[in-house]
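Chains as they are written, first to last, in the working numbering: chain A, 1 to 405; chain B, 1 to 405; chain C, 1 to 405; chain D, 1 to 405.
Among the clues, some could well be false.
Because identical chains cannot be distinguished in the list, a pair is counted as satisfied if it fits within a single copy or across any two copies.
[Said to hold, decoys possible] Calculated cross-link-like contacts (lysine-lysine; reagent style DSSO-like; alpha-carbon spacing at most 27 Å): (1) Lys384 / Lys6; (2) Lys349 / Lys23; (3) Lys104 / Lys173; (4) Lys231 / Lys313; (5) Lys384 / Lys257; (6) Lys384 / Lys398; (7) Lys144 / Lys384; (8) Lys173 / Lys144; (9) Lys23 / Lys144.
Just so you know, the hints here were simulated from the structure itself, not pulled from any lab data.
Here's the letter readout for the chains.
Protein chains: 4
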Amino acid sequence: MSESIKRVVLAYSGGLDTSVILKWLQVTYGCEVVTFTADLGQGEELEPARAKAELMGIAPNHIFIDDLREEFVRDFVFPMMRANARYEGDYLLGTSIARPLISKRLVEIAHATGADAVAHGATGKGNDQVRFELSCYALDPDIKVIAPWREWDLTSRTALIDFAEKNQIPVPKDKRGESPFSTDANLLHTSSEGKVLEDPWEETPDYVYSRTVNPEDAPDAPEYITIDFEKGDGVALNGQAMSPATLLAALNDLGRKHGIGRLDLVENRFVGMKSRGMYETPGGEIYARAHRGIESITLDRGAAHLKDELMPKYAELIYNGFWFAPEREMLQAAIDHSQEKVSGTVRLKLYKGNAGVVGRKSPFSLYSERHVTFEDDAGAYDQKDAAGFIKLNALRLKLLARRDR
Amino acid sequence: MSESIKRVVLAYSGGLDTSVILKWLQVTYGCEVVTFTADLGQGEELEPARAKAELMGIAPNHIFIDDLREEFVRDFVFPMMRANARYEGDYLLGTSIARPLISKRLVEIAHATGADAVAHGATGKGNDQVRFELSCYALDPDIKVIAPWREWDLTSRTALIDFAEKNQIPVPKDKRGESPFSTDANLLHTSSEGKVLEDPWEETPDYVYSRTVNPEDAPDAPEYITIDFEKGDGVALNGQAMSPATLLAALNDLGRKHGIGRLDLVENRFVGMKSRGMYETPGGEIYARAHRGIESITLDRGAAHLKDELMPKYAELIYNGFWFAPEREMLQAAIDHSQEKVSGTVRLKLYKGNAGVVGRKSPFSLYSERHVTFEDDAGAYDQKDAAGFIKLNALRLKLLARRDR
Amino acid sequence: MSESIKRVVLAYSGGLDTSVILKWLQVTYGCEVVTFTADLGQGEELEPARAKAELMGIAPNHIFIDDLREEFVRDFVFPMMRANARYEGDYLLGTSIARPLISKRLVEIAHATGADAVAHGATGKGNDQVRFELSCYALDPDIKVIAPWREWDLTSRTALIDFAEKNQIPVPKDKRGESPFSTDANLLHTSSEGKVLEDPWEETPDYVYSRTVNPEDAPDAPEYITIDFEKGDGVALNGQAMSPATLLAALNDLGRKHGIGRLDLVENRFVGMKSRGMYETPGGEIYARAHRGIESITLDRGAAHLKDELMPKYAELIYNGFWFAPEREMLQAAIDHSQEKVSGTVRLKLYKGNAGVVGRKSPFSLYSERHVTFEDDAGAYDQKDAAGFIKLNALRLKLLARRDR
Amino acid sequence: MSESIKRVVLAYSGGLDTSVILKWLQVTYGCEVVTFTADLGQGEELEPARAKAELMGIAPNHIFIDDLREEFVRDFVFPMMRANARYEGDYLLGTSIARPLISKRLVEIAHATGADAVAHGATGKGNDQVRFELSCYALDPDIKVIAPWREWDLTSRTALIDFAEKNQIPVPKDKRGESPFSTDANLLHTSSEGKVLEDPWEETPDYVYSRTVNPEDAPDAPEYITIDFEKGDGVALNGQAMSPATLLAALNDLGRKHGIGRLDLVENRFVGMKSRGMYETPGGEIYARAHRGIESITLDRGAAHLKDELMPKYAELIYNGFWFAPEREMLQAAIDHSQEKVSGTVRLKLYKGNAGVVGRKSPFSLYSERHVTFEDDAGAYDQKDAAGFIKLNALRLKLLARRDR
């Protein structure tokens with residue numbers, strides 16, 4: 001708090017918490033605040049944020065409201081999906097992957113407005129502070145980052161609301177009490193954590209879910225869809241060409257309807273503790289399975305297995321906030337190199353929480369019916385080759401066995 | 001075929017194909033045949049195999065019928081599950097993991113009966129020949145392995161049936177025509193491949209499934225179960241202690257009922273081609289998810305992430321037939337070392353193809369509500385530590401950014 | 001041998017063995033032979049190969065003699081050096097990296113001359129047959145590859161010489177007896193194996209070395225040199241700009257003089273056995289150390305460690321012959337991505353077998369004296385940050401320790 | 001500094017810096033100090049430390065002087081050497097591997113004396129603070145760790161000496177000025193860094209080296225030695241059985257004499273900056289090469305390559321201070337599993353900075369002259385097997401090539 005700040009760009013949702021932060025920055029640092037509100041597909045109206053910012057004295061040209069949905073999906077979600085990234089085996093990284101984009105815009109707006117600092121509303125216990133700050137520092141090593149939750153003394157809900165009231169910040173009725181859990185949402189997912197979810201033995205209450213119907217309430221009839229891929233990225237749903245964000249939104253609708261993409265997970269945070277989260281990634285789950293499906297016929301084994309070996313590290317880097325680190329970019333270069341022929345069509349069956357691949361075809365298919373067939377293969381494969389293949393693969397094991405008996 | 005063989009142990013199911021092999025071995029090598037029929041939980045009567053072997057002139061003391069179900073699950077399936085092994089992201093390795101055990105018994109019986117060779121009924125295009133032979137050579141480098149499908153000229157169904165009829169081998173009516181697909185079954189799974197499954201764009205016909213009901217026909221109400229783990233292995237279902245094979249069998253019943261564990265996959269064979277398989281792993285799928293669930297609260301992040309990084313290689317080794325290779329054993333040593341405190345209870349919800357973890361608890365839990373809470377944590381965690389943590393993690397990125405701008 | 005071959009491109013050195021192969025191909029396959037002799041810097045005259053080929057009836061337009069030295073170093077050696085590749089910790093892959101280039105030219109010449117096959121002189125026990133054939137098949141899946149050493153019955157030296165004499169192939173006097181060891185040479189290295197080297201307990205006799213002086217006979221005074229790098233590749237020696245092959249040749253002279261780059265190794269062949277080889281890589285050893293030196297100040301830790309983790313697999317792929325495989329190309333894409341700023345100057349001291357980096361500088365250096373200094377760092381680094389860094393890194397270990405005590 | 005400390009165990013060398021720390025702890029925390037001085041083979045008299053501690057008022061039963069040399073080599077250096085660990089390709093981790101042992105004793109002594117804290121003399125910029133503290137927290141999550149260099153204001157040499165003089169701490173004449181570099185020593189190595197070494201372009205001055213003669217001054221005649229290994233650990237030199245520490249000390253003498261094990265390195269610290277260090281690891285370098293030599297004939301390829309793939313991560317864990325982390329223990333379990341038959345004898349030639357393996361033999365050798373020979377192998381290896389081996393390894397590459405042309 002001792003640093004002198006002239007102007008700070010705040011990641012501003014328009015909600016109570018970031019409004020308090022806005023005021024706190026003005027009060028504490030005596031600095032100008034620039035607000036940045038991003039549409040990442042979280043499904044909220046953004047214009048109210050403008051009105052609120054204006055009310056708090058922000059100059060109109062210092063209020064930034066950006067629709068980042070296409071950039072989000074095209075430059076962040078899709079590249080990550082090319083890697084089949086899942087953190088700790090399951091989590092599709094919906095929150096993690098949004099942070100670098102928000103950070104990128106924070107820094108861009110700082111440069112555009114001559115600000116010397118950025119601020120975010122992430123707490124001191126979570127991963128998001130790390131993701132925001134590593135990204136910002138990687139993009140501008142001289143930027144100052146203010147993390148009010150780590151600095152201020154508004155550590156209880158009451159203190160926060162007191163501060164709001166003292167500073168004429170409207171407090172919506174439903175924000176007076178403690179929220180029963182905390183959420184983050186964007187086009188890829190909604191995450192929920194905290195409070196009612198803190199006991200990992202207790203099942204997640206139904207009211208926590210907001211993006212998917214309960215599979216038990218989903219349609220009794222399955223629905224079949226196709227997704228077309230070009231060079232590793234989705235380009236069409238049921239034969240209809242769509243932009244990245246449009247495609248993901250359409251898959252979200254399908255996933256919501258069929259109760260797909262719910263995940264109840266205890267995960268390991270980068271800051272060293274375990275946390276329990278509930279994720280809903282309806283479209284992302286369908287997309288991820290479809291991507292593996294198209295890879296299964298278009299990727300060579302060597303490429304596929306290398307990708308599988310690299311994936312845990314790649315996912316960990318994104319989870320930990322190292323999107324803008326050289327090693328993530330190196331892995332991306334390897335992954336992208338593999339996607340040149342990952343084109344074709346995948347057919348999936350959606351049914352009550354399930355999204356299963358049931359068919360895949362491609363002009364670049366490496367699947368050779370002629371080789372694999374139980375029928376006469378017209379000489380495509382000489383079974384006698386297998387004898388030599390096995391003999392030489394066995395040689396070292398035989399030498400070992402001779403030694404060790 | 002030029003080698004002189006005195007006595008050969010044949011992996012013998014009692015079916016038409018291995019009966020033809022039995023006779024073919026007698027005719028071609030002029031050798032004694034010892035039959036070995038294993039109960040791996042494939043769900044077939046084994047005693048008929050004895051009668052058939054006797055009919056073909058096998059001496060009673062050369063007919064081996066073993067119940068290997070407990071050994072299979074305890075010493076092969078469970079160790080593999082400790083690794084969370086899935087080949088190419090999905091396949092639970094149900095066929096791959098049975099081959100080393102069958103090979104081990106083939107070699108043991110060869111030693112017990114003074115046989116100098118073993119024989120198996122795997123074709124020259126598949127992975128199983130590799131798995132059988134690598135395992136046998138690793139256990140006895142001097143054993144001879146006969147793979148009739150790579151040697152003989154019975155390359156069409158007609159030729160096979162002709163041979164059977166010429167040699168008084170009864171041919172069941174339903175075996176006269178081509179089977180519409182080929183299967184392998186054991187306590188862990190049933191796999192199906194070939195024929196009607198050869199076009200990867202065509203959905204698997206419903207009649208291919210034998211181990212699970214169609215999720216659409218599964219009960220409309222979810223069922224909750226608990227699985228208890230001790231040191232990484234399942235020990236009880238719904239609080240009732242069970243042996244490994246009993247537990248897996250009980251989970252199979254649950255999985256069957258709820259349509260869990262179906263997988264339609266195009267995979268990369270070790271011999272270099274892609275194949276399309278349909279797998280049903282009802283109990284295994286439930287078990288695998290439960291194991292990850294108990295690990296999520298009992299494994300440290302460092303251990304968990306290392307396991308995730310090692311898993312693809314471990315799964316590939318098993319898929320490729322290297323169970324008895326030193327590198328698989330080294331990985332197993334690492335994995336087993338991590339399981340000491342992987343004990344506790346997982347609660348799952350089974351519903352129409354879904355098996356989701358909804359709760360987990362353990363006396364060895366590393367999940368600390370005190371640390372993660374949004375509430376006052378009584379000093380368990382100092383949020384200001386995060387600032388230094390981020391600063392030093394960012395240092396190299398800042399140095400990079402300064403250089404590269 | 002049963003296949004009908006019309007025209008075959010033979011990798012032809014002009015020596016006795018490949019001359020016998022040339023004739024054997026003519027006799028056995030009744031086909032036309034195209035000879036291909038490559039200058040890879042092995043240090044032998046190539047024109048005699050032309051005369052010999054003409055003598056054996058090869059049409060002048062079917063005799064190819066190519067100087068591939070620059071392509072070899074630029075497109076094969078340098079990319080590999082960017083990876084710091086060493087097989088089994090030590091071997092700089094001098095033979096392995098030449099095979100894909102020879103294969104590439106074999107296939108190109110086959111296409112240019114309408115040949116349907118290629119042939120090489122590698123034996124059936126070694127790695128080179130694998131490297132040649134995998135490369136050829138990857139470049140032309142329909143090419144036929146003839147490996148005479150696996151086919152013919154000239155399995156003894158006597159039989160080979162008999163065949164030569166019967167077919168009017170001149171046999172040099174020194175080739176009548178057995179050679180005491182076998183060698184392969186190119187601009188990167190000379191390897192020796194076999195015969196006198198077959199007992200891994202026996203020290204390599206001095207007469208085996210041909211590319212380096214014995215360190216004991218090297219100059220008593222050290223010599224200092226500098227190598228300049230641009231984007232990961234060497235571009236100048238002692239400030240003098242040089243092409244890739246010229247630079248490597250100049251380093252070879254220096255390495256020879258100072259007895260640098262001798263390696264006595266027992267290695268694991270891809271075909272399953274161990275072999276003992278003696279390698280001399282004088283310039284390559286110097287270059288490899290210099291490359292690590294320039295990386296040490298220009299590569300970020302994340303990039304450097306990722307490279308170190310990927311290297312063993314990358315080296316194994318090259319050793320095993322998978323240069324033209326997608327996974328090698330993916331790894332190359334990752335590695336090359338890291339080399340953008342690997343530019344600067346390395347200073348080395350050469351002395352009696354040692355080539356040590358003693359200085360490195362770069363306009364893109366990430367080394368920050370300001371940060372690392374024991375002196376006052378003017379606020380570049382706040383030591384108190386370390387406390388938080390350590391606390392959060394320790395958190396999971398503390399939680400573990402609390403559980404496990 | 002705000003915490004109340006009753007009794008603290010200080011890692012105490014007896015030198016000026018830790019004497020100042022001792023006094024500073026007494027003054028600042030008003031607590032009792034327990035001193036712990038370890039003989040790790042650093043080559044200094046330890047008894048003077050006792051006298052100094054007594055002079056500063058430490059009770060005799062609170063002065064601990066332990067000879068840890070055998071434990072150091074047996075339980076830390078040798079296990080690490082089994083892994084062939086080198087950080088960033090070169091560094092043998094001589095400082096890193098000593099820190100966990102010192103930490104272990106600090107915590108043990110804290111428990112024995114009822115101390116609630118430990119203190120170390122590592123600065124806030126280096127890796128050692130991390131290594132000490134992670135180890136201590138892993139062994140006792142409730143221990144407090146005091147790092148005076150991060151807390152106090154004695155940030156200049158003058159301030160430190162002033163404090164010493166004010167507090168009657170004798171200041172040796174040669175400590176009045178700035179030391180031209182900083183060192184750490186133990187039985188495995190001596191490291192030097194800082195001051196005259198801070199410019200990575202400047203060659204290390206000769207006076208920095210203390211453990212090895214300049215290779216130019218080493219004997220003109222090579223010396224041959226043998227090292228015997230049992231289960232991965234060295235047990236004898238030139239046929240004479242020795243304890244771990246005795247063996248390493250004897251190798252140090254040999255390495256010193258022949259100028260072996262000097263390393264000039266720019267490395268990446270865990271805290272995010274690069275530093276330049278000069279290491280002398282005379283015996284360790286010889287030992288490390290010998291260990292690889294015995295592995296080369298006794299380890300199977302699968303085990304050897306897995307070890308090479310795991311090594312960079314293992315070395316990074318030790319460098320970063322995670323010796324007592326589960327993932328290091330898991331890797332150790334895998335590595336140790338591989339060493340069961342790593343027994344035999346290695347012969348090395350030591351000459352002016354070089355330590356090359358020239359011979360290796362073992363009763364457990366996997367090297368098979370019969371297989372590898374160029375001579376008649378009596379049927380040990382059928383060269384025709386190679387054809388099938390290559391064909392099936394090529395199959396996927398052919399399928400790719402057909403698709404992509």
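Inset, instruction - Taking the numbered hints from earlier one at a time, note which ones the structure violates and give those numbers from smallest to largest. - result: Hints 2, 3, 5, 8 are the ones this structure does not satisfy, whereas the remaining hints hold.
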